[in-house]
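**Q** Taken in order, these protein sequences are the chains called V and A. For the first sequence, the positions run 0 to 101 when numbering that gives the first Met the number 0 is used. For the second sequence, the positions run 0 to 418 when numbering that gives the first Met the number 0 is used.
Quick caveat, the hints were computed from the structure, so don't treat them as lab data. Any given hint might turn out to be false.
[What the hints assert, rightly or not] Pulled a few chain V residues facing chain A out of the computed Cβ check, cut under 7 Å:
1. E28
2. G39
3. I65
Note that the Cβ used here is the ideal one computed from N, Cα and C, for glycine as well.
Each chain, letter by letter, is given below.
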Amino acid sequence: MAKITFITSDDETIVVEGTSGSVMELAVEHNVKGIDGDCGGVCSCATCHVHVKPEDMTKTGPASEIETDMLELDDNADEYSRLCCQIEISDAIDGVELTVAK
Amino acid sequence: MSDSQQKCVVIGASHAGVNLAFALRKEGWEGQIILYDADPELPYHRPPLSKTYLTNEEGMSATPLKSLESYERDNILLKLGVKVALVNAEEKEIVLEDSSVQAYDKLVLATGARPIVPPIPGLANVKNVFPLRTVADVEGIRNALGDNPNKSVVVIGGGYIGLEIAASLNKLGSKVTVLEREERILARVTAPEMSDFFHQLHVENDVEVLTGKNVTSVATENAKNNVVCSDGSTYPADIIIIGVGIHINTELAEQAGLTIENGIKVDATARTSDKDIYAIGDCTFHHNPHYDRYVRLESVQNAVDQAKVAAATICGKQVIYDAIPWFWSDQYDVKLQIVGLSESYDNIVIRKEKKDQPCFSIWYFSGDELLSVDAINNAKAYVVGTKFIKTNQSIDKVKLADNAVEFKPNNLIFKSNND
Ligand SMILES: Cc1cc2nc3c(=O)[nH]c(=O)nc-3n(C[C@H](O)[C@H](O)[C@H](O)COP(=O)(O)OP(=O)(O)OC[C@H]3O[C@@H](n4cnc5c(N)ncnc54)[C@H](O)[C@@H]3O)c2cc1C
Ligand code: FES
Numbered sequence: 000m001a002k003i004t005f006i007t008s009d010d011e012t013i014v015v016e017g018t019s020g021s022v023m024e025l026a027v028e029h030n031v032k033g034i035d036g037d038c039g040g041v042c043s044c045a046t047c048h049v050h051v052k053p054e055d056m057t058k059t060g061p062a063s064e065i066e067t068d069m070l071e072l073d074d075n076a077d078e079y080s081r082l083c084c085q086i087e088i089s090d091a092i093d094g095v096e097l098t099v100a101k
Numbered sequence: 000m001s002d003s004q005q006k007c008v009v010i011g012a013s014h015a016g017v018n019l020a021f022a023l024r025k026e027g028w029e030g031q032i033i034l035y036d037a038d039p040e041l042p043y044h045r046p047p048l049s050k051t052y053l054t055n056e057e058g059m060s061a062t063p064l065k066s067l068e069s070y071e072r073d074n075i076l077l078k079l080g081v082k083v084a085l086v087n088a089e090e091k092e093i094v095l096e097d098s099s100v101q102a103y104d105k106l107v108l109a110t111g112a113r114p115i116v117p118p119i120p121g122l123a124n125v126k127n128v129f130p131l132r133t134v135a136d137v138e139g140i141r142n143a144l145g146d147n148p149n150k151s152v153v154v155i156g157g158g159y160i161g162l163e164i165a166a167s168l169n170k171l172g173s174k175v176t177v178l179e180r181e182e183r184i185l186a187r188v189t190a191p192e193m194s195d196f197f198h199q200l201h202v203e204n205d206v207e208v209l210t211g212k213n214v215t216s217v218a219t220e221n222a223k224n225n226v227v228c229s230d231g232s233t234y235p236a237d238i239i240i241i242g243v244g245i246h247i248n249t250e251l252a253e254q255a256g257l258t259i260e261n262g263i264k265v266d267a268t269a270r271t272s273d274k275d276i277y278a279i280g281d282c283t284f285h286h287n288p289h290y291d292r293y294v295r296l297e298s299v300q301n302a303v304d305q306a307k308v309a310a311a312t313i314c315g316k317q318v319i320y321d322a323i324p325w326f327w328s329d330q331y332d333v334k335l336q337i338v339g340l341s342e343s344y345d346n347i348v349i350r351k352e353k354k355d356q357p358c359f360s361i362w363y364f365s366g367d368e369l370l371s372v373d374a375i376n377n378a379k380a381y382v383v384g385t386k387f388i389k390t391n392q393s394i395d396k397v398k399l400a401d402n403a404v405e406f407k408p409n410n411l412i413f414k415s416n417n418d
């Protein structure tokens, strides 16, 4: 079980819990604004971009090669960016805070 | 009438219709939003149906586009399992199958497409024949596989969907044969080099891929089906999957008297020839500004982007549809990403990366103008290609083809000798 905090671009804070699947799916399930997940979670659309709180990066791990490449399409990407369809929910990411990219 | 009494009615609740509904709320639409779909399932992602739907251990169900709660939260009325029978544009109302009537102020047609089932003699008598468009289709395949997926499957049509389902069924343990009428698979959509790559990939994975195979009939004897081709060859099939393309759903638009060409014709704001009726997604024939021609696309990107433009327009904003198309396909462990439209290319450049896994890209040009890129396991090529297409910047083909030149836009910009 992992508790995850999303902060949307309207500064809304949404705290949700998940046990399996990807963080993108969890966000869509809870209607988190700004996470569209258009490709259904296969790293093809970059509409699930979040900024991980810097100190939580150790929990989520860094972006993979394909994520890093895809994120180059987004001018707002930075070193804390992830495509959250590529973050699996597990106990390991309990407590992370993710800011939905603009 | 106050804004909150306005009604926006949407026919078709899939990638286009659902995204439109949520985009309307985002743009500030205060009126009612009513979404109709004949499919009883909570609207879902279609691409996984041919890819991971059958093979996912956890995923026995479709991936919803939005949760039910999201529709409630945004006050979007979802009417599923309801077929719309008629659009009466003069009265501004639609008629449902049960003859009940729903008035609209704005109507959006997001009716998409249905699979073509070719009139092959004998096909109609066969039990386990499936097109591939809906959850019900894939559930049909799942049931036909039953407890023993080690079955003979013939896939008619070597397009993306046919090849993806072939890969999925192969993974489950079926013996799959793909029959393609053209001389190569993916003939309509990619260069021969890419067709060859995918052909090889399937053969390596023990999927039989046969081209130049025109299916002429299906013979059934003692509950065994044989797919018969014009050259006399026959292929036994416990299950037949049809992947020969789609037929767009324009019937409602025709009745409403809208202009139809290769799809429902819409302007840059997704408006049809009736000022209160919009059309979005697979069912539209629309102008692409970058390529300066009318196109009909079958992609999630187009459905989503047109939905956003239509929603903004309905809410009185000034936007136009000006997107570079993109698409993807996943087969086995290979990821294909496409950006742009390659049609009318006259030369290509192939760039291969130095990697153990296949990792390369095909760049389609008309003269020196980059039209499109097909990238295999190579998101970098996809991204670099997207940037060049968007900016219309000239690319140095010699450097592009040279995998020793680091793959960065700045390294690849064409500089003439005079600079
Ligand atoms: C197996 C498969 C794999 C795919 N893979 C990819 C991929 O990898 N990448 C990609 O970009 N695209 C892919 N696509 C294409 C993509 O799914 C479509 O482009 C997209 O679904 C188009 O969305 P749409 O809303 O315009 O139309 P559709 O998805 O066709 O939806 C139209 C909806 O309208 C409803 N409808 C029609 N007429 C009526 C009526 N009279 N009354 C009520 N309801 C009606 C239908 O029931 C349907 O649900 C794939 C498609 C399939 C089938
Ligand atoms: S959902 Fe498409 S990249 Fe994450």
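**Q** Just pull the numbers of the violated hints for me, sorted ascending.
**A** Every hint satisfied by this model.
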